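Two independent chains are provided; combine them into the complex using the hints.
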Amino acid sequence: MNESVKPIAKAQKKERTGWHSWRWLLARRTAQIGLLFIFLTGPWLGWRIVQGNFASSEWFATVNLSDPYIMLQSLLAGHMLSTSALTGAGLIILFYLLVGGRSYCSWLCPVNIVTDAALWLRDRLGIKRDRAFNKQTRLVILIASLLASVTTSVIAWEIINPVTLLQRGLIFGMGMGWTVILGIFLFDLLITRHGWCGYLCPVGAFYGIIGRFSRLRIKAVHRDACEQCGACLRKCPEPHVIGPALRGNDNSFVVSGDCINCGACIDHCPNDVFELHFRPLAWPTADHSMTEKTPR
Amino acid sequence: MAENKQPPTMQISEKRRELLKTSVRAAGALGITWLALDTAAESAAGAEPQALRPPGALDESSFLSACVRCGLCVRACPYDILSLATLDGPAELGTPYFVAREDPCRMCKNIPCAKACPTGALDSGMTEIKEADMGVAVLVGHETCLNYKGLNCSICFRVCPVRGEAITLQPHTIDGKQRIIPTVHSDACTGCGTCEKHCVIKEAAIRVLPRPLGLGEAGRNPSGRTG
Numbered sequence: 030m031n032e033s034v035k036p037i038a039k040a041q042k043k044e045r046t047g048w049h050s051w052r053w054l055l056a057r058r059t060a061q062i063g064l065l066f067i068f069l070t071g072p073w074l075g076w077r078i079v080q081g082n083f084a085s086s087e088w089f090a091t092v093n094l095s096d097p098y099i100m101l102q103s104l105l106a107g108h109m110l111s112t113s114a115l116t117g118a119g120l121i122i123l124f125y126l127l128v129g130g131r132s133y134c135s136w137l138c139p140v141n142i143v144t145d146a147a148l149w150l151r152d153r154l155g156i157k158r159d160r161a162f163n164k165q166t167r168l169v170i171l172i173a174s175l176l177a178s179v180t181t182s183v184i185a186w187e188i189i190n191p192v193t194l195l196q197r198g199l200i201f202g203m204g205m206g207w208t209v210i211l212g213i214f215l216f217d218l219l220i221t222r223h224g225w226c227g228y229l230c231p232v233g234a235f236y237g238i239i240g241r242f243s244r245l246r247i248k249a250v251h252r253d254a255c256e257q258c259g260a261c262l263r264k265c266p267e268p269h270v271i272g273p274a275l276r277g278n279d280n281s282f283v284v285s286g287d288c289i290n291c292g293a294c295i296d297h298c299p300n301d302v303f304e305l306h307f308r309p310l311a312w313p314t315a316d317h318s319m320t321e322k323t324p325r
Numbered sequence: 007m008a009e010n011k012q013p014p015t016m017q018i019s020e021k022r023r024e025l026l027k028t029s030v031r032a033a034g035a036l037g038i039t040w041l042a043l044d045t046a047a048e049s050a051a052g053a054e055p056q057a058l059r060p061p062g063a064l065d066e067s068s069f070l071s072a073c074v075r076c077g078l079c080v081r082a083c084p085y086d087i088l089s090l091a092t093l094d095g096p097a098e099l100g101t102p103y104f105v106a107r108e109d110p111c112r113m114c115k116n117i118p119c120a121k122a123c124p125t126g127a128l129d130s131g132m133t134e135i136k137e138a139d140m141g142v143a144v145l146v147g148h149e150t151c152l153n154y155k156g157l158n159c160s161i162c163f164r165v166c167p168v169r170g171e172a173i174t175l176q177p178h179t180i181d182g183k184q185r186i187i188p189t190v191h192s193d194a195c196t197g198c199g200t201c202e203k204h205c206v207i208k209e210a211a212i213r214v215l216p217r218p219l220g221l222g223e224a225g226r227n228p229s230g231r232t233g
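Chains as they are written, first to last, in this note's numbering: chain A, 30 to 325; chain B, 7 to 233.
This is chain B alone, in the form it adopts within the complex (with noise of 0.2 Å):
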């Protein structure tokens, strides 16, 4: 960096002066394709989360930190609900994900998804399925819901595997009128979307969304008044 100060005067070799020329146009192109995929990274990362992941995954940001999109996931589902999402796809390029509509989580007890990730991307350690947080199912359709329209389908409640716990039906009085409203509770809620997959009606009333889309949280909005 020295040579930088000097004036270009004849002391400077011309053997110097390239090495100079050189390792300044190399910074330039580090420093421009450096610049390029930290803004490809950096959305990535900051995109909100659409897709569903397999269980014991960490959280978005640290998730891509840690998926080297191997796939070892995806073959060790025994239902094989899980893909690695393609240029297209809902999620970063393979990184696995499952689309609950299609085909939920089974909850296998021994989790061998998690198991089989390498890197740690899914944690490997999880031994209780229940406490999977793939996502969190949220009743989106209150103008669909059969039951809201006064039936008692209740197809969500019934096929929960976290039965009782989940999903439960709790009285509402809705336009006057008596109505039996399937009512989740995110702690239980594993996201597996198995109520989102059964769900009768044509386009499913009831959807499982990754966490931070699918749940508010209490406090002060950050975004509004700042007085």
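This is chain A alone, in the form it adopts within the complex (with noise of 0.2 Å):
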């Protein structure tokens, strides 16, 4: 696009190329999918592993699981839910707690194939521009969802919601949703790098602070490895989040709730510098504008 910004010597910097470099993102993929495809054996098999979908779904016809998000908001609207929806969202928040908040995003997330589509399209176009937002846009939009929510008794943000609309749209028909799945896509791709996951998102936003909390987390476990070739920084989606591990004194654990748990740290370090380790329930946290729990 933009000719006179040339692209920094790309050549010369150090990452892992090969198919040891796509390990988790082809494990992420078929998560996506799969999960979807299980979804789908419901409308076009007749299966009845799992109806419904991620607002709220019942499994083998007994157990549910509800979107917490979702759930939060309609608590808000000021409609008391049925326990099977409680428990149901109880029980994702547990899951989520033990995972990683955001796993979420990229792991099951529909809308994380189309901008990360955007975002390897943009990358071979050498689409350079970039708007950046605010980082905490997403906690705003967040907010304000559920505020709206509250003043309106309208679930405010499924009446836009790309997520659900996507996911529900491939399993129950699209219609004009696809339209905005398009936006999401050209915004990524023109606009903003990593624009809808990265700044956007009220979704994200709502299990990164989850995520705050949760066990399973990137380590650098070998930091003393590290010969600082940036590949990691230039794959991560919050490459804000791997500072602090590797060279933060507390630990070495990526600790904010941002980092999505993608792998693609661990994918294109030339050194094996990243692990995926459950992180000890108590410990000094890094981060302490993050999680300003206990006194100092």
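I should point out that these hints are in silico values taken from the structure, not numbers from a laboratory.
Given the structure is predicted, the values throughout are model-derived calculations rather than measurements.
Each hint can be trusted.
Just so you have them, the derived chain B footprint on chain A, three or more residues with Cβ under 8 Å:
id : segment
1  : 93-99
2  : 175-186
3  : 191-197
4  : 204-213
Mimicking BS3-like on lysine-lysine, the simulated pairs with C-alpha atoms at most 25 Å apart in a straight line are:
id : chain 1 : residue 1 : chain 2 : residue 2
5  : B       : K27       : A       : K164
6  : B       : K121      : B       : K136
7  : A       : K43       : A       : K157
8  : A       : K248      : A       : K43
9  : A       : K164      : B       : K21
10 : B       : K203      : B       : K115
Sample of chain A residues at the chain B side, in silico, Cβ under 10 Å:
id : residue
11 : P72
12 : S103
13 : H108
14 : Q165
15 : V169
Built from N, CA and C at the ideal position, the CB exists for glycine as well.
This is how it looks when you write it as structure tokens:
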């Protein structure tokens, strides 16, 4: 696009290539598409593994799982949810407390496939334009959606939520919903790198809050081996989360709730610095601004 | 907020000023986003409902606070009549509805759709399908209905699952001629849409409408004379 801006000599930068650099990406895609397929076995094949969609689903005709963000909006809108929905939302919160809040984004969310495709094409076409927003914008949208749920008695974000729109559309019929998804694709492609997921999506922001307290995290286990080649930072969708893990004094875990546990850093680090680990239950956090729970 | 009153003197450190700036900016962004979402949600809730909801649905405004648009009712329907609205659909995005003319509610005795609802947007405790209130049938085509023309079509009366209660045939004199007119009794009509589905003419003369659209209500017109 902008030809005056020359790409910095990328060829000299180290990063792993070959199929080893695809392992986590492949695993994520398999999970994302596999889960969609499991949902689709209902309408396509008549199997009764799971009914419904991400908003609320019933597994094996017994267990309900529900999206806690939508359930929270419903509660705020003044509806007393049934116990099965509340339990379902509780199970999801517990699950993400275990596996990392925004694992939702990278391992399940179908919009992630769209935005990753936009990112791939953006890099392929050499599009440099990148209108940055404040990282907290999504948090602002999250709070606004909760407030609007209170003031209007409507589950506010579901009026437009592209995440459920895409997933529901794939399972129940898309209609004109593809225009919203195309909009996100073009936004990520032409205007802002990682624009939707990185700055705007309140669903990610919600799971990010769970993520601040969750256990399964990226750890810079072999950070002594780091040559500062920057491969992880170039590939990471939320690069600000890596620094504290590589250089922080307190520990070598990625502590920020913004980390989506996608494993791009593991995939691309030429020195195998990163691994996925369970973090201990109690520990001094390196990120005081995020988890101001215990008084110093 | 106390910092707000202070004049921008040197006492306020650079850091503090920065904090103030970002918080004002965040508050502004929050206000705008809230307003936008509020307006959108308000217009969604305020719109006259056009689509027919599954049996046991809460009234429209409560429904939008309760329905999470998961589609479990859609899957539970053994006749597959329900759809989730798309962006260009007749109901709010993702909410369930059915189109009577295409596929009416068969009024299953065990009401599987309502039972499947995980949130209570559909009343899973409903036991009697005849108490359902999906809408109300209205004979809208007085110029097209065959009974008005003097034929004894009466198909709507004969297919009605709440037979003899929701629709009865009443003798009327129209233009000086004796006619037998299908007449809907709104207290017994469940809005299942079977009459609309089976109306024999090209565009149905009898239609099921959401109750607020289909019925009048006695009392003084609030937008009329105030005297």
